[in-house]
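Here is what each chain is made of, one letter per residue.
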Amino acid sequence: MSNRIVLIFTLLLACQLAGEVVTRLLRLPVPGPVLGMVILFCALLMRRQVPDDLSAVTGGLLHNLSLLFVPAGVGVMLHAQLLVENWVALSAALLLSAVITIVVTGVVMTWALRLTQEKKAGAA
Amino acid sequence: MIANPSEIWVYLAASPLLHLTMTLTAYLVGDYCFRKSGQKAIFNPVLMAIVLLVVILRATNTSYETYFEGAQFVHFLLGPATVALAVPLYRQFDRVRHSAPAILVSLLAGSVTAVLSATLIAWLLGAPQDVIASIAPKSATTPIAMGVSEQIGGLPSLTAVLVILTGIVGAMAGTTILERVGVRDAGVQGFALGLTSHGIGTARALQVSEVAGAFSALAMGLNGLATSLLAPLLVHLLGLW
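So the protein sequences, as listed, match chains V and P. Just so we're aligned: 145 in the numbering used here is position 79 of the first sequence, and the numbers increase by one with no gaps anywhere. Just so we're aligned: 74 in the numbering used here is position 52 of the second sequence, and the numbers increase by one with no gaps anywhere.
Hints are computed from structural coordinates only; laboratory data are not their basis. It cannot be assumed that every hint is accurate.
Stated by the list, open to error - A few chain P residues that face chain V, going by a derived Cβ cut-off under 7 Å, partial list only: (1) I72; (2) V76; (3) V96; (4) V109; (5) L111; (6) Y112; (7) A140; (8) A144; (9) A182; (10) I186; (11) T188; (12) V191; (13) I199; (14) V203.
Unchecked claim - Chain V residues, not near chain P, derived (Cβ > 12 Å throughout): (15) N69; (16) R70; (17) L91.
As the list claims (entries may be wrong) - If you want a taste of the chain V side facing chain P, the calculated C-beta under 8 Å gives, among others: (18) V100; (19) M103; (20) L120; (21) T124; (22) L134; (23) P137; (24) G141; (25) M143; (26) L144; (27) L148; (28) N152; (29) L160; (30) V165.
This one's a predicted model, so the numbers in the text were calculated from it and none came from an experiment. Note that CB positions come from ideal geometry on N, CA and C, so glycine has one too.
Isolated chain P (complex conformation) (with noise of 0.2 Å):
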């Protein structure tokens, strides 16, 4: 006798199995239109991953808690994934070591602008303060950013989503507004792009190049450190609020 299939919808609704598999197949959908489509930047997978799971998830009428037990799987691989980036990092560390001053100088000069344009925009186009809050860490990885969004009065998970907003902006736009404004050296970008878009733009700055990779991975991770100190301090002496 042939199972009834609302009977198999109830079991597959209840299983990790669905959603961990429909996260993997609207990721390669995504990537598969992004290579097909020569790279555009609106294309970007991971955008036209959400935005199709989105989807489904709101007409199959499944919460994020549901969808989430599937695909935690996936988002905890994020762990293992930052340790790794030691390595592209090591293999450029002879680049990174000479470039030293320089990164400092653009390290304060970036994490500085990212959390008060940010902050001076959303206040000025007049979102209310929790939103504010929540928009200012939106740079650093989403562990910090999450933890400082707290610190200061914002809301922890629109951070996060705020987050990886950023990160596909910078990912999709910044190599051409780099090119743009005449940076070229894969350091440079790389660095820019892992500052201001965090994981998604080292996962950007990758594909670049390794030099670019190393350079995003090293921005990353001084910007999370950088906004934790800076976003409560700037935000503070603001006093939007």
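The following block holds chain V by itself, in its conformation from the complex (with noise of 0.2 Å):
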């Protein structure tokens, strides 16, 4: 493994740390990473370019990022009996709140796109 491997996890990671440190510093309600999140965005923005490597190791851990949901979601089996005791509130409201807010977020978002593109199509 090339060492500019490690710096760039290096960089991940202090990025992360950075972002819990501010965040419980600032008594902020954002965790950790996403603030790591928005540290490295502004990095980057500085920077002005994605370096070769960072933009290796990144695609390479985002590529698997459904797998890292995976031992959370295992956790399902530690409240197997209130999910069975509530399987009907519990499903509906999954499924239905899900597509609802799916479809009110999408629609509202395309209408809007159109609405301010239209302002300046108007204003040109």
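Now that you have both chains on their own, put them together as the hints suggest.
What follows is the structure, given as structure tokens:
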């Protein structure tokens, strides 16, 4: 393993660490890694380009992002009884709410984009 | 002399190696089925891996704590992976910037819808208070959702599970539903996926395109923030309890 990869990993962890420290220090309602994402994003804005190694390492991580949710998902076994007792309410709420939220967000955003673009076109 | 298999089992059951390997294997099996099926939503790799692992852990009488000692190495990578989302976000920043007003409007609409619809449906169907509180923040990313849940009287570990399940539902059905209601723009699709289904929706959006992935990562971050501010307020206003 080239030590550039170690460097990139250190960078990602350092951003997360900085994020964790700042959220706790300022009692922000955002988790450390999300703030870490903001920190890396600002660093990229200043650098004005994505280094190749960073692109390669993050590409690899993000390509397998859904794997990382498996361990937390297996936690479903801890609540088997609660889930069985409330399965009608929970499955209806989860399914319907997800569908409604996706539709509302997608439709509102499409509509808002159209409106702002028409305004720009009208102004031009 | 060959060792007794039960001795080997005692060693393996206590070491992180076995459950780490099992986690990766279960995911590879799920991913293989997903690809083989021509990416059919029902063969969602996360869902298949979870079902497979729960069945095996139950059959071998293994506790979640023991399992997690191995699986935590995978779980830990969620942090750096979240930081890594800055890269697609940066690459698509111009598009994102031009959509800023639409992003804010749809963030507000989506975030309020996510909390209200889940809470009201669970309440109407007679779920107890702690379960309703646990489901309210389910569209936010796990650490935020768990914090909100605790604040409003839910069970954080139940919330973690509901968050993952919401993610899976969105990833499975999201793009099909959006196409059906005529939402075809990759950026909009990504934003709706990330808002509803946080990181799992973002993983799905990244498969659609980098544009979708970037908008999804943004939506995940913004909705985490919005949920932490809005959910306690909305639940209080509803006064369901």
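Hints, one by one, checked against the model:
no.	hint	result
1	I72	4 Å, holds
2	V76	5 Å, holds
3	V96	5 Å, holds
4	V109	4 Å, holds
5	L111	6 Å, holds
6	Y112	4 Å, holds
7	A140	4 Å, holds
8	A144	4 Å, holds
9	A182	6 Å, holds
10	I186	4 Å, holds
11	T188	6 Å, holds
12	V191	4 Å, holds
13	I199	6 Å, holds
14	V203	6 Å, holds
15	N69	17 Å, holds
16	R70	16 Å, holds
17	L91	16 Å, holds
18	V100	5 Å, holds
19	M103	5 Å, holds
20	L120	7 Å, holds
21	T124	4 Å, holds
22	L134	5 Å, holds
23	P137	4 Å, holds
24	G141	5 Å, holds
25	M143	5 Å, holds
26	L144	5 Å, holds
27	L148	6 Å, holds
28	N152	5 Å, holds
29	L160	6 Å, holds
30	V165	6 Å, holds
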